[in-house]
Each structure stands twice: as C-alpha cells, then as structure tokens.
Amino acid sequence: DQQVKQNSPSLSVQEGRISILNCDYTNSMFDYFLWYKKYPAEGPTFLISISSIKDKNEDGRFTVFLNKSAKHLSLHIVPSQPGDSAVYFCAAVPAGGTSYGKLTFGQGTILTVHP
Amino acid sequence: GAVVSQHPSWVICKSGTSVKIECRSLDFQATTMFWYRQFPKQSLMLMATSNEGSKATYEQGVEKDKFLINHASLTLSTLTVTSAHPEDSSFYICSASAGTDQPQHFGDGTRLSIL
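Those sequence lines, one after another, are chains R and V. Just so you know, we're using the working numbering here: the first sequence kicks off at 2 and counts up by one. Just so you know, we're using the working numbering here: the second sequence kicks off at 6 and counts up by one.
Mixed in with the good hints, there may be bad ones.
Unchecked claim - Okay, derived cross-link-like pairs now, BS3-like style, lysine-lysine, Cα gap no bigger than 25 Å in a straight line:
no., chain 1, residue 1, chain 2, residue 2
1, V, 19, R, 55
2, V, 46, R, 38
3, V, 60, V, 25
4, R, 103, R, 6
5, R, 69, R, 103
6, R, 55, R, 72
7, R, 57, R, 38
8, V, 69, R, 103
9, R, 72, R, 103
10, V, 60, R, 38
11, V, 46, V, 60
12, R, 55, R, 103
13, V, 19, R, 103
14, R, 103, V, 60
15, R, 69, R, 38
16, R, 57, R, 103
17, V, 46, R, 72
18, R, 72, R, 57
19, V, 71, V, 25
20, R, 6, V, 46
21, V, 19, V, 60
22, R, 103, R, 38
23, V, 46, V, 71
24, R, 55, R, 69
No lab work stands behind these hints, which were simulated from the structure alone.
All chains should be built: construct the whole structure from the sequences, respecting the hints.
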C-alpha cells in the first residue's frame with residue numbers, strides 16, 4: 002500500500018519556467034512533509050519541509066504548498082535551472098514520532114530542465 | 006557539513022555469501038541511523054532504525070536475522086546481509102541523524118548484486 006504517491010514519473014520543463022512537482026498521501030496521521038532531491042549515484046539531499054500547521058513554506062526558488070483537506074502537497078521551483086534536473090522525492094512523517102524519523106517516501110519524479 | 010559516507014558503493018557477490026555495508030557520519034555524531042532499500046522505479050522503503058548502543062528496530066516484513074544491523078558507535082552503523090540470495094539484490098541506502106529534531110542526511114547508497 003503506497004501511502005505517499007508521486008503519480009508523475011517524469012516532468013520536462015524549459016529553463017526559466019516554473020516546475021511543479023506533485024505528491025499525494027493517504028495516511029491522515031502524517032503531519033510533517035519533506036522534499037528531497039537525488040542525483041544519480043548519490044544519496045537524497047534535503048530540500049525543504051513543511052509542517053501540517055502551515056500551508057506554505059518558501060526557501061529561495063523553492064516553495065512547498067500543503068493542502069491538508071486534499072492530502073496533497075506540491076513543490077514549486079521558479080525559475081527552473083538545468084542544475085535542478087534530478088529525481089525529486091516527497092516524504093512524510095507521522096504524528097507522534099520524531100520530526101525527522103520514520104520517513105515514508107514517494108516513488109520519485111524525474112525532473113529534466115532543458116536549456 | 007553533515008556528510009554521510011557509505012561503503013562500498015557497489016558490490017557483486019555469489020549467492021550464499023554475507024555482505025557488510027558500512028555507514029559513517031563523518032562530521033557529526035549520529036544518535037540514530039536508518040537503513041532503506043530501493044527497488045528499481047520504486048520508492049525508498051525503510052528497513053530498520055538503529056540507535057547507538059541498542060538493538061535496531063525493524064519494520065514489518067524485514068527479517069532481522071537476515072539483515073543484521075550494528076550501531077556500535079555514534080559515527081558508524083553496519084548492515085550485514087547474511088546468506089545473500091539473488092532476491093536480495095537491490096539498492097541499499099543509509100541515513101544518519103544527530104538527534105530527534107534533526108534532519109536525516111543520506112549516504113550515496115550501495116548497489117548490491119547477488120549472482
């Protein structure tokens with residue numbers, strides 16, 4: 002049972018445009034969400050996170066939006082750069098645990114940003 | 006900062022042998038280390054959580070006698086795949102956290118191929 006889903010396996014965007022990566026979850030016990038970026042042959046790198054008490058968190062070119070009623074979150078990258086090309090994973094943490102423990106990952110979305 | 010080193014990055018071995026994978030936090034003390042497994046085109050699945058000096062906590066469906074985890078120091082955890090078989094072939098990745106309110110930092114993973 003996939004509790005965190007990234008339904009788009011890939012996304013292709015032109016440099017300078019906005020990239021929108023989507024993630025849906027089914028477990029209402031999740032209350033903290035993270036986005037990781039992964040290059041080939043490397044481990045995931047933490048990008049940005051959001052608590053369920055917020056609906057938006059922004060860090061430079063990266064903004065994460067959370068819609069709790071829809072159990073949906075999205076990562077916006079603007080403007081997109083070729084160096085952003087990587088696999089993006091969303092991950093969720095249940096309430097009651099440590100803030101960063103017991104991550105449940107989505108399947109990942111391959112983002113390709115064309116020059 | 007927050008570098009996690011995983012070794013080896015790639016290993017091929019015969020069926021029936023045991024394989025040890027090391028995970029080291031290079032510039033911080035990791036009170037908690039996590040071991041994940043990723044099959045092709047699937048998400049990272051948490052296998053077990055280990056705290057320094059105590060027994061690992063395994064996720065449901067993960068055989069603790071098959072996947073031996075040792076977290077003997079604050080900078081080193083090892084995963085030993087015992088009597089490995091072809092179905093154990095996968096990508097194994099560790100992460101380390103400096104505390105319950107600290108993010109997980111990932112190693113670059115180990116590609117294990119059992120012939």
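- Between residue 103 of chain R and residue 60 of chain V, is the straight-line Cα distance small enough, at 25 Å or below? It holds: about 16 Å lies between the C-alpha atoms, which stays within 25 Å.
query = Holds or violated: residue 69 of chain R with residue 103 of chain R, Cα cutoff 25 Å?
reply = holds (20 Å)
Given pair status - residue 103 of chain R, residue 57 of chain R, alpha carbons within 25 Å: holds (23 Å)
Below or equal to 25 Å on CA atoms is what counts here, so check residue 19 of chain V against residue 60 of chain V.
The given pair, whose Cα atoms are some 29 Å apart, is violated under the 25 Å limit.
Has the given pair, residue 46 of chain V with residue 60 of chain V, been kept, meaning a C-alpha gap of at most 25 Å? violated (31 Å)
Are the Cα positions of residue 46 of chain V and residue 38 of chain R separated by 25 Å at most?
holds (15 Å)
Requested in this report: Verify the proposed pairing of residue 69 of chain R with residue 38 of chain R, using a straight-line Cα cut of 25 Å.
Outcome: Holds. Residue 69 of chain R to residue 38 of chain R sits at ~23 Å (cutoff 25 Å).
Residue 103 of chain R and residue 6 of chain R: Cα distance at most 25 Å?
Holds - the C-alpha atoms of residue 6 of chain R and residue 103 of chain R are around 16 Å apart, at most 25 Å.
Straight-line Cα separation of residue 19 of chain V and residue 55 of chain R no greater than 25 Å?
The hint is violated at about 50 Å.
Q: Starting from residue 60 of chain V, check that the Cα of residue 38 of chain R is at most 25 Å away, please.
A: violated (30 Å)
Q. Holds or violated: are the alpha carbons of residue 72 of chain R and residue 103 of chain R at most 25 Å from each other?
A. holds (19 Å)
Would the pair residue 55 of chain R and residue 72 of chain R pass a check requiring their Cα atoms to be no farther apart than 25 Å?
holds (13 Å)
In summary, the structure is inconsistent with hints 1, 10, 11, 13 and 21 from the numbered list given earlier, while agreeing with the others.
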